[in-house]
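Can you build the whole structure from these sequences, using the hints too?
If you count the sequence shown from 1, position 447 lands on 447 in my numbering, and the numbers rise without skipping.
Honestly, I wouldn't trust all of these hints.
Derived DSS-like pairs (lysine-lysine); straight-line CA-CA distance at most 27 Å [stated by the list, open to error]:
1. K547 to K481
2. K561 to K547
3. K519 to K481
None of these hints come from the bench; they were simulated from the model. Keep in mind that this is a model prediction, so the values were computed, not measured.
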Amino acid sequence: MTDPIDAASADEPGFAGFDPVPAPQAAAPYRVLARKYRPAHFGDLIGQEAMVRTLTNAFAAGRIPQAWMLTGVRGVGKTTTARILARALNFQTPDGQGAPTTDLRDFGIHCREIIEGRHIDVMEIDAASNNSVDNIRQINDAVRYAPVSARYKVYIVDEVHMLSTGAFNAFLKTLEEPPPHAKFIFATTEIRKVPITVLSRCQRFDLRRVEADMLVDHLASICRAESVDAEQEALAAIARAAEGSVRDSLSILDQAIAHAAGRITLDDIRSMLGLADRARVIDLFEAVMKGDIAAALGELRAQYDAGADPVVVLNDLAEFTHLVTRLKLVPEAVKDNSLAQAERVRGGDFAQRLSVRILARTWQMLLKGLAEVKQADRPVMAAEMVLVRLAHAADLPTPDEALKMLRDGMGSVPAGNGNGGGMSRPPSGGGNTALAARPILASANPAPAPVARAVAAPMAIVATLEDVVALASQHRDITLKIALERDIRPVRFEPGRIEFSLAEGASRTLAQDLSRRLKEWTGQTWMVAVVNGEGGATMREQAAAAKDQRENDAAAHPSVKAVLERFPGARIVDVRDPRAIAAAEMAAATPSEDEYLPDAEPLFDDSEPDFDGIDF
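As structure tokens, this is what we get:
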């Protein structure tokens, strides 16, 4: 008898003198990349090294539990890991040999059916549609029977958190003492909804989000296998949009291949996903930080007209703010492969010029603004108002500057004009003009102030190294201020000339940087030179020595000594002299919390050394 399939595929007879008509070939159905490149063994899993190591050691030692709980966000491999586990439990060679193992490079007699989800002894159950007590009762009844052909009966319960309370309770006895031939593997994205009574009976694995640089490498390898040409920055944009989900990244790549119909570029990904141009987001960030409202609104409107969603633009702006903050605190983060070149270069520049307080304030305002934009009927208008607030906040002084201005008698804090065209200054002689409100990044693209409003600032008097430090603090050059306190060993100081030796680890360009900044701040040319020799102690070493001397003097005082002897284990934490604090206020650029403390009454007679405000 002829096989119907063979008969259907045979060539149809032709007319006399003509060749037979070839039968039409059925095209193989297309498989999406997420299924085509689904891992088949533990070596294919990416980003889950901790779980793979634990399972490998457990199988090697024969310490295989009766149940596993796999949790994590969408697309990180929970169901895939469950199938690989089922394959590892039932691995068997064609000659009937084999044992549970994680070395699954070769396929056994059950492996292909398990990976394809059609093995009779590996049951995959969707808890969302089988969440009742009756469904669990059927499992409890069937689990008693031995497997048909495999070594273990394996029950894979996906989205287990969808089971009802009664279903969970009906599962407890079987889960705690299952037959030796039964194993359970649970998967969930909502681990907090799973009762602790179930969790305590399972070995839990938290599958992590896959890092962006690892996703980029994975996508690049798939593009090579598919003979698809893709830009590195385009793959990085896909990895960022996937947010750590491998399945999401492959779905986006599948769509991008169809969208581009050739080489996948960053512009293709932007237009396909409605993403904002990364470089333009950085331009928007710079305009906002300068307080240039007109440029910021124009840039947002241009991105909106190009198809960018206002919510996405603000999200990217918040993401870049986070990146700048991270680069400021962790400079090694610039080596991340998922970062674009513009993010590395310009993000590092912003990290050097913006303080953590400014970045934190920007982050908080963006988070609040995002919620407003998502709820607004006209998101673009709401986004514009968020940028207006951010640009105006760029002109405002930080809290310590406001306190300094009020303490110096400057009256109310001047409000920023928000146009990035200059900075407001108090009247001549009205205090420290360096602390007036100004755009944060105005120095990056300075605009001359109108002549009618120009007021000459008093010339800064620099007579000591402490004056230089105070000047750096007033101009908010915190990097230079820290370097002056930590890395300079003074040799010679006179107006117009500074000589010093460098402490270990100091920047080799410190002299040039200091000379340039002093020229900007004082209007005079300074000769700054690094000389050989030991030099004096750094300001930080002097402050530490002075603190140690104060504590030693305090400890030698009879009354303090009596207190220390009376309370064993007590120690001197700090010694505060209100008179010294008052004298230091004149040179300090930033107010410390100590100067707001009320003056303390003397603790001892005038005949004894005065150690007011000793903290224990």
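Structure-based check of each hint:
{"no.": "1", "hint": "K547 to K481", "result": "holds, 20 Å"}
{"no.": "2", "hint": "K561 to K547", "result": "holds, 18 Å"}
{"no.": "3", "hint": "K519 to K481", "result": "holds, 16 Å"}
Violation of the numbered hints given earlier is absent; every hint is satisfied by the structure.
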